[in-house]
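Asks: Residues per chain are reported as follows:
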Amino acid sequence: AQSVTQLDSQVPVFEEAPVELRCNYSSSVSVYLFWYVQYPNQGLQLLLKYLSGSTLVKGINGFEAEFNKSQTSFHLRKPSVHISDTAEYFCAVTLKAAGNKLTFGGGTRVLVKP
Amino acid sequence: GAGVSQSPRYKVAKRGQDVALRCDPISGHVSLFWYQQALGQGPEFLTYFQNEAQLDKSGLPSDRFFAERPEGSVSTLKIQRTQQEDSAVYLCASSHSTADYEQYFGPGTRLTVT
Chain A
95 AQSVTQLDSQ VPVFEEAPVE LRCNYSSSVS VYLFWYVQYP NQGLQLLLKY
145 LSGSTLVKGI NGFEAEFNKS QTSFHLRKPS VHISDTAEYF CAVTLKAAGN
195 KLTFGGGTRV LVKP
Chain B
17 GAGVSQSPRY KVAKRGQDVA LRCDPISGHV SLFWYQQALG QGPEFLTYFQ
67 NEAQLDKSGL PSDRFFAERP EGSVSTLKIQ RTQQEDSAVY LCASSHSTAD
117 YEQYFGPGTR LTVT
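Chains as they are written, first to last, in this note's numbering: chain A, 95 to 208; chain B, 17 to 130.
To be clear, the hints were calculated from the coordinates, so they are not data collected in a lab. Glycine included, each C-beta is placed from N, C-alpha and C at the ideal position. Incorrect hints may appear among the rest.
Examples of chain B residues toward chain A, derived with CB under 10 Å [claimed, not checked]:
{"#": "1", "residue": "25"}
{"#": "2", "residue": "49"}
{"#": "3", "residue": "109"}
In isolation and in its complexed conformation, chain B is listed as follows:
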């Protein structure tokens, strides 16, 4: 079956531009996570949704980062006024339920801010 998909796969933005990154989780998956992976490092948690509710946004690095999942399926991570330090791969993951600890990851979106 279809896995987690993300678009675009690559995004180049000029500093100060706004960007929107999309995540399509596996159909029916309740939980959705966003992670940020800087070059040469492990992924770091950004935010978590259970259906449409954003239950944890403790990892968002600044108020320039905003995520939504209005209908409990597709999610969008938006970064306003991008900075060079935002350059990273943004990974989305979903899991079937809150009791399922296995997360399925998408291929990621590589964001480069110039």
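If we strip away everything but chain A, and leave its shape as in the complex, we get:
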């Protein structure tokens, strides 16, 4: 079975500063990787995904992530955050198979301070 670890439960950051959210996964087979964002009282919105190809993936709202197979990591980065980026961020994996249920990490709460 696969599992996902998000090493930081909370990340405070000042506006216009860079942020990195760490995600490590474990799986005995190949997986696809995702980052979702959840704003208060809302569902999950996909930020970006890695299925194949370039290991540097660009997503919406200026976010990007890099897949590192040897370190089994998929860290999310943004070079300059805005107040509106305050939210909870979830890393998730799925097996390359039908019935592709997602396995999520515990989430990282990002609080952007002015």
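Starting from the known structure of chain A, fit chain B onto it as the hints suggest.
Replies: Just chain B, lined up with the frame of chain A:
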């Protein structure tokens, strides 16, 4: 276009009551998933439908949980004899096909069992 919708958005139930949570997926989406998100945690998989067939129910925590999708569109998650530990946000997600790994999430139903 219309996204995934869920109703009710909030539900308070007394312990021992039965509840039914509804999910309207995006029209034409073949795959439908239910997840449970406890407070402060990442979503956890409950069950998966491909059209009307329930292909995976390995995440349902007990036989008090039951899900159906009789016509391959709307789905209902039913919880019988609710317990306090059932308090959580229940998220529904759909995807266009079994080869599409992007899941679109609804806003969730927050269930509080008193």
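Asks: Honestly, which of those hints from before does the structure not fit?
Replies: none
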